[in-house]
Amino acid sequence: MDSNIEQPEKPVISKGIDGFFKDINNICRFIIRIFVEAFKRPVEIREVIRQCYQVGYKSLALITMTGFITGLVFTKQSRPSLSEFGATSWLPSLIAIAVIRALAPLVTALICAGKVGSSIGAELASMRVTEQIDAMEVSAINPFKFLVTTRVLATTISIPILVAYTGLVGLLGSFLDIHLNEQTSFISFFQEAFKNISFLDFITTGVKAVVFGFTIGVVSCYQGYHATQGTQGVGKAANISVVISMFLIFIEEIFIVQIANSIR
Amino acid sequence: MKSFTPEINMSEKVIDIHDLYKSFGSNHVLRGIDINVHKGENVVVLGRSGTGKSVLIKIIAGLLTPDSGTVNVLGSEVDKLSNADLRELRLKVGFCFQNGALYDSMTVGENLAFPLKRNTPGIKNEQVKKMINTTLEAVGLAKTIDQMPSELSGGQRKRIGIARTLILRPDIMLYDEPTAGLDPITCTEINNLINEVQRRFHTSSIIITHDLTCAKDVGDKIVVMKEGKFVKQGTFDEVFSTKDELINEFYDYNFIQ
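As you go down the protein sequences, you meet chains A and B in turn. Position 244 (the first sequence) corresponds to 244 in my numbering; numbering is contiguous. Position 39 (the second sequence) corresponds to 39 in my numbering; numbering is contiguous.
In short, the hints are calculated from the structure, not lab data. Don't take each hint at face value.
[Claimed, not checked] Listed next, the stretches of chain B that the computed footprint assigns to chain A, with coverage defined by at least 3 CB atoms under 8 Å from CB atoms of chain A:
hint : stretch
1    : 42 to 56
2    : 93 to 100
3    : 182 to 193
[What the hints assert, rightly or not] Distance condition first, Cα-Cα at most 30 Å in a straight line; then the derived DSBU-like pairs of lysine-lysine:
hint : chain 1 : residue 1 : chain 2 : residue 2
4    : A       : Lys40     : B       : Lys124
5    : B       : Lys117    : A       : Lys58
6    : A       : Lys40     : B       : Lys243
7    : A       : Lys22     : B       : Lys124
[Said to hold, decoys possible] For each label pair, taking beta carbons as the anchor points, the in silico distance ranges come out as:
hint : chain 1 : residue 1 : chain 2 : residue 2 : range
8    : A       : Phe35     : B       : Arg200    : 40 to 48 Å
9    : A       : Arg50     : B       : Lys80     : 32 to 40 Å
10   : A       : Phe35     : B       : Lys80     : 43 to 51 Å
11   : B       : His18     : A       : Tyr57     : 34 to 42 Å
Backbone N, C-alpha and C define an ideal beta-carbon position, used for all residues, glycine too.
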């Protein structure tokens, strides 16, 4: 055996556990690098705007439909229970709490995890397996900054805007149902709806939206950027991006709600 | 064979690799490689698939790091450079990927403009257009400027890949399997283009291939690689005028079958 040939490292605990900790280490380094590159020149404003358009504007139709139907259906489902107690006048307030505190960020994040996460994961993975990322690197272009940092920034900026939009559209869906049943005016619906919404609710939803957006961006970029195994790897990256993003979104939701409740 | 005599400066080494080793886990890909490329010289690295040819040029381009050994490119040790210095060096080292690796969301023109604009801050659009046209003309594909990569044939994609590399006017060209998967006529066109690039842009090149016709047409020096080691080097005639079984087997497979 040649003395210069490096021998493969033996696992410290087991291959699986070692791999898990290596992944955690790699993800932490990946996130740190995103922050470092984000503050380095040149600022990729044009690419960030292009990605915001891809993430935000191109998701609007789906978000509009889902947000509107969520508000409408939630109102329809809640009415019978409230009318039993003669409390249908609480509907706007109940719907607003549900939509703003939970449904808008969660529904938007889950839709974006599916639509945007899979698309970013597949796009970067396909660029990786067709050597387009290597081609950028050898052309003295920083692919990490151009591809990853811009996409993570775009999801972190766009998803909060989409969350606000989903909330508004959801309330409009709710208003439509309430207006048709109780002939409530637009102004009195919104006055009633926001009566029990506090500043903390907006802050919590805003924090959730930013965290969800960042999570979707990081997970999908990480999976896509490190894709292997050719075309099979592209499908795998898209799939894992969605699954892990959704899983993390639920975990983060629990944590943020717990923290918000302890402050409230 | 070449229709011109290349201007090779034998006193100036642009690539100098010594005792290079690289492994991926238990797969020992490169096992002590030594190679020199002189200014203006086209060196062909021949070998069967999986012998570590592509790994070699990826190390030269700084895409992979060696386990041990020295890789000196244009006077700099590639694996010891800072990111900023490596970026500087990469402007002088062009890499042509096997399948072109064109950015599929951009047109041909945008594919060429992208590295140029990114690496030449403040360059005027007029100048970019002029350089794109000149470079596309050099590879004989000026008419494809507005086409998407998906609309191009395999040979055209490779030519555009070469053009995208050439637009930065590198001193060294690294070609990864430039004729793989192409018909014989397109192969000849690509070989002629590699020679034309050497003649017109005064580049030094490493050409990775398993195609002997390509090696014969473009190589000033041929290096044969087997299981991560160089087993023979010299001119095409020197390498193949041998009784070595491995070399003859390679020759017979390419030219007799």
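Consistency of the hints with the structure:
| no. | hint | result |
| --- | --- | --- |
| 1 | 42 to 56 | violated (count 0) |
| 2 | 93 to 100 | holds (count 6) |
| 3 | 182 to 193 | violated (count 0) |
| 4 | Lys40/A - Lys124/B | 24 Å, holds |
| 5 | Lys117/B - Lys58/A | 28 Å, holds |
| 6 | Lys40/A - Lys243/B | 59 Å, violated |
| 7 | Lys22/A - Lys124/B | 46 Å, violated |
| 8 | Phe35/A - Arg200/B: 40 to 48 Å | 45 Å, holds |
| 9 | Arg50/A - Lys80/B: 32 to 40 Å | 36 Å, holds |
| 10 | Phe35/A - Lys80/B: 43 to 51 Å | 27 Å, violated |
| 11 | His18/B - Tyr57/A: 34 to 42 Å | 54 Å, violated |
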